[in-house]
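2 protein chains.
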Amino acid sequence: MSITIKDVARVANVSPSTVSRVISNNSRISEETKKRVKKAMKQLGYHPNFQARSLVVKSTETVGIVMPFSASTVLQDPFFPEVIRGISVKAKENRYGMYLSTGGSEDEIFEEVTRVVQGRRVDGLILLYSRTDDKVMKYLLDVGFPFTVIGRPYVGAERITFVDNDNIYITKQVTDYLIQLGHSKIAFVGIDMDFVLSIDRIEGYKQALHEAGIEFREDYIIQKSYLKGEKSAITAFLTSPDAPTALVVTDDFLALELFSHLEALNIRIPEDISIISFNNYFMAEHSKPLLTSVDIDIFQLGYEAANCLIEKIKNPESLPKRITIPAKMIERKSCSSFL
Amino acid sequence: MSITIKDVARVANVSPSTVSRVISNNSRISEETKKRVKKAMKQLGYHPNFQARSLVVKSTETVGIVMPFSASTVLQDPFFPEVIRGISVKAKENRYGMYLSTGGSEDEIFEEVTRVVQGRRVDGLILLYSRTDDKVMKYLLDVGFPFTVIGRPYVGAERITFVDNDNIYITKQVTDYLIQLGHSKIAFVGIDMDFVLSIDRIEGYKQALHEAGIEFREDYIIQKSYLKGEKSAITAFLTSPDAPTALVVTDDFLALELFSHLEALNIRIPEDISIISFNNYFMAEHSKPLLTSVDIDIFQLGYEAANCLIEKIKNPESLPKRITIPAKMIERKSCSSFL
Chain A
1 MSITIKDVAR VANVSPSTVS RVISNNSRIS EETKKRVKKA MKQLGYHPNF QARSLVVKST
61 ETVGIVMPFS ASTVLQDPFF PEVIRGISVK AKENRYGMYL STGGSEDEIF EEVTRVVQGR
121 RVDGLILLYS RTDDKVMKYL LDVGFPFTVI GRPYVGAERI TFVDNDNIYI TKQVTDYLIQ
181 LGHSKIAFVG IDMDFVLSID RIEGYKQALH EAGIEFREDY IIQKSYLKGE KSAITAFLTS
241 PDAPTALVVT DDFLALELFS HLEALNIRIP EDISIISFNN YFMAEHSKPL LTSVDIDIFQ
301 LGYEAANCLI EKIKNPESLP KRITIPAKMI ERKSCSSFL
Chain B
1 MSITIKDVAR VANVSPSTVS RVISNNSRIS EETKKRVKKA MKQLGYHPNF QARSLVVKST
61 ETVGIVMPFS ASTVLQDPFF PEVIRGISVK AKENRYGMYL STGGSEDEIF EEVTRVVQGR
121 RVDGLILLYS RTDDKVMKYL LDVGFPFTVI GRPYVGAERI TFVDNDNIYI TKQVTDYLIQ
181 LGHSKIAFVG IDMDFVLSID RIEGYKQALH EAGIEFREDY IIQKSYLKGE KSAITAFLTS
241 PDAPTALVVT DDFLALELFS HLEALNIRIP EDISIISFNN YFMAEHSKPL LTSVDIDIFQ
301 LGYEAANCLI EKIKNPESLP KRITIPAKMI ERKSCSSFL
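Residue numbers (the UniProt record's numbering), protein chains in the order written: chain A, 1 to 339; chain B, 1 to 339.
No lab work stands behind these hints, which were simulated from the structure alone. Nothing here was measured: the structure is a model prediction, and the numbers come from that model. Be careful, since some hints might not be right.
DSS-like, lysine-lysine: derived pairs with alpha carbons at most 30 Å apart [unchecked claim]:
#, chain 1, residue 1, chain 2, residue 2
1, B, Lys-228, B, Lys-288
2, A, Lys-6, B, Lys-138
3, A, Lys-231, B, Lys-333
Residues from chain A that face chain B, not an exhaustive set, calculated with beta carbons under 10 Å [said to hold, decoys possible]:
#, residue
4, Thr-60
5, Gly-64
6, Ile-65
7, Leu-75
8, Gln-76
9, Pro-78
10, Glu-82
11, Ile-84
12, Gly-97
13, Leu-100
14, Ser-101
15, Gly-104
16, Val-116
17, Arg-121
18, His-286
19, Ser-287
Which stretches of chain B does chain A cover? Using the computed rule of at least three CB atoms under 8 Å from a CB of chain A, they are [unchecked claim]:
#, region
20, 83-91
21, 252-261
22, 285-292
Every residue, glycine too, gets a C-beta built ideally from N, C-alpha and C.
Kindly produce the complete structure, drawing on both the sequences and the hints.
See below:
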């Protein structure tokens with residue numbers, strides 16, 4: 001019941017092999033014939049068998065998306081649906097599909113990526129993160145498979161096309177904002193030094209402190225893993241005599257968890273402690289108090305990464321480049337001056 | 001530099017055609033030989049070329065996910081990442097990949113689905129929604145392509161495997177809860193009658209009213225499209241002398257938008273108006289007041305839909321079935337008694 005090349009050939013009044021050549025975009029076929037064959041294909045609702053055709057034109061018309069760790073935890077973070085949303089719009093503009101690559105650990109991700117690449121399941125890959133020690137990135141560079149990265153590659157950034165915010169600059173701005181409100185005991189919460197993102201943000205934070213003549217304190221850097229551990233530890237930190245009066249938090253999700261925690265401790269926001277965060281998720285506009293947050297334009301990060309990847313797929317000789325997506329602090333009600 | 005069938009053949013000490021037969025799972029090859037070839041493949045890190053192999057074994061080891069309308073709007077709703085999360089866990093257990101199908105309109109979705117099916121880009125499809133008039137579902141039934149649905153198919157439910165909550169029952173429970181709090185002016189907000197979900201929920205809502213002897217009022221059914229329109233219309237509805245004292249809202253997202261709207265009108269929740277909603281998103285635990293919501297177990301909806309689909313792919317003769325995922329009201333602070 002499905003339509004074959006022979007049906008198309010009959011309607012277009014050409015040989016089946018001519019139809020095949022049109023499908024594989026053979027340059028020896030005249031424009032006139034191409035037009036006629038394509039018209040027949042459309043008329044009959046014929047779609048070339050995707051897998052057979054992929055072998056010929058070596059294209060899957062699919063972009064692969066590589067997520068950090070398992071999709072099962074990652075998709076709980078609103079960053080990922082939003083970045084996929086950006087990718088999807090660009091993919092759709094170019095009639096590309098999307099393949100989601102998942103793995104439960106670094107090793108599983110690596111194994112899955114090699115399988116996807118060697119099996120040519122996709123035409124190229126977008127890495128949604130950048131780690132300091134990234135096997136996947138090294139592998140993709142080695143085999144010369146098209147890819148782009150969201151985030152700054154830790155090594156080889158000159159040879160890799162990537163899309164990122166200016167994380168040093170925006171974090172410096174955010175810290176400056178708290179300093180200008182009179183804070184000097186400012187902690188940075190939710191760090192994961194395996195990711196280049198954290199390294200860059202810490203750098204911006206340090207620059208702001210340095211310029212203001214405030215000493216950097218290691219004990220004011222709170223790891224993400226620490227927050228996920230014993231509640232008593234974070235309680236001790238927030239209630240110690242030397243507790244910070246302001247927090248820079250790596251994402252709104254964590255910030256809202258801190259909101260709940262602080263409420264239970266009867267510590268008021270922003271009267272007792274100021275909080276500023278990143279990502280500007282929907283809930284930042286619906287929390288009490290409303291959360292001051294940095295809009296990093298997640299959608300655009302995804303859109304541009306897909307744009308660069310498709311460009312690279314279509315023209316493998318295109319040069320590596322860095323695209324910077326502007327980030328902007330959205331001032332709401334979670335920070336106040338410290339007198 | 002990539003490893004070929006010839007390399008595997010050499011290491012396993014068999015002919016290349018034997019390796020091909022092992023890859024295509026030919027039953028004429030002895031278990032002993034299969035084992036030896038597989039060991040050599042593993043040792044060399046050989047992955048059969050996916051597209052070439054698909055032609056032989058007719059499998060892509062990929063499940064396709066069909067979203068309603070464009071991914072660009074849909075992914076803003078936390079339902080979709082969470083349901084994909086459920087699918088991803090099951091897919092991963094079976095070493096399946098995921099392909100996201102997107103379309104900007106009903107026609108575009110239909111076109112994309114036919115392309116995916118005819119091109120055999122995936123082994124089966126999961127529809128994340130059920131419409132009253134669904135061309136896609138009819139098409140998939142016609143061509144006999146494996147698929148499962150999240151939601152109740154409007155027609156042909158006996159011939160289709162689907163996963164759903166008992167929407168009539170849970171909505172009746174929710175409405176009963178408000179009636180027991182003393183409310184009789186209860187509106188249902190966020191309806192879209194194109195989706196079977198809305199039809200079932202309205203049915204449960206009506207049953208509760210009917211049992212309690214409360215008359216059903218058409219003007220208490222507020223369409224989703226209405227909420228997206230003029231703010232003045234919804235303001236008029238909420239402030240009229242005949243305004244409802246309680247709202248059942250189709251999802252937490254809408255509910256929180258109503259929270260903001262009501263706050264601007266100085267209508268207090270729950271003192272002046274009670275609100276109960278569906279989906280139990282993360283933000284329901286962080287709103288003020290905390291939002292009473294129905295946990296429909298979105299993750300499990302996705303997980304079971306993937307489970308049924310993979311079962312169907314592996315055994316095309318498996319019988320159509322309905323799986324019901326339990327839903328549960330999570331009582332928080334957004335409802336109070338009406339005296």
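Consistency of the hints with the structure:
no.: 1; hint: B/Lys-228 to B/Lys-288; verdict: holds, 23 Å
no.: 2; hint: A/Lys-6 to B/Lys-138; verdict: holds, 27 Å
no.: 3; hint: A/Lys-231 to B/Lys-333; verdict: holds, 25 Å
no.: 4; hint: Thr-60; verdict: holds, 7 Å
no.: 5; hint: Gly-64; verdict: holds, 9 Å
no.: 6; hint: Ile-65; verdict: holds, 9 Å
no.: 7; hint: Leu-75; verdict: holds, 4 Å
no.: 8; hint: Gln-76; verdict: holds, 7 Å
no.: 9; hint: Pro-78; verdict: holds, 7 Å
no.: 10; hint: Glu-82; verdict: holds, 7 Å
no.: 11; hint: Ile-84; verdict: holds, 6 Å
no.: 12; hint: Gly-97; verdict: holds, 6 Å
no.: 13; hint: Leu-100; verdict: holds, 4 Å
no.: 14; hint: Ser-101; verdict: holds, 7 Å
no.: 15; hint: Gly-104; verdict: holds, 7 Å
no.: 16; hint: Val-116; verdict: holds, 8 Å
no.: 17; hint: Arg-121; verdict: holds, 5 Å
no.: 18; hint: His-286; verdict: holds, 5 Å
no.: 19; hint: Ser-287; verdict: holds, 6 Å
no.: 20; hint: 83-91; verdict: holds (count 5)
no.: 21; hint: 252-261; verdict: holds (count 4)
no.: 22; hint: 285-292; verdict: holds (count 4)
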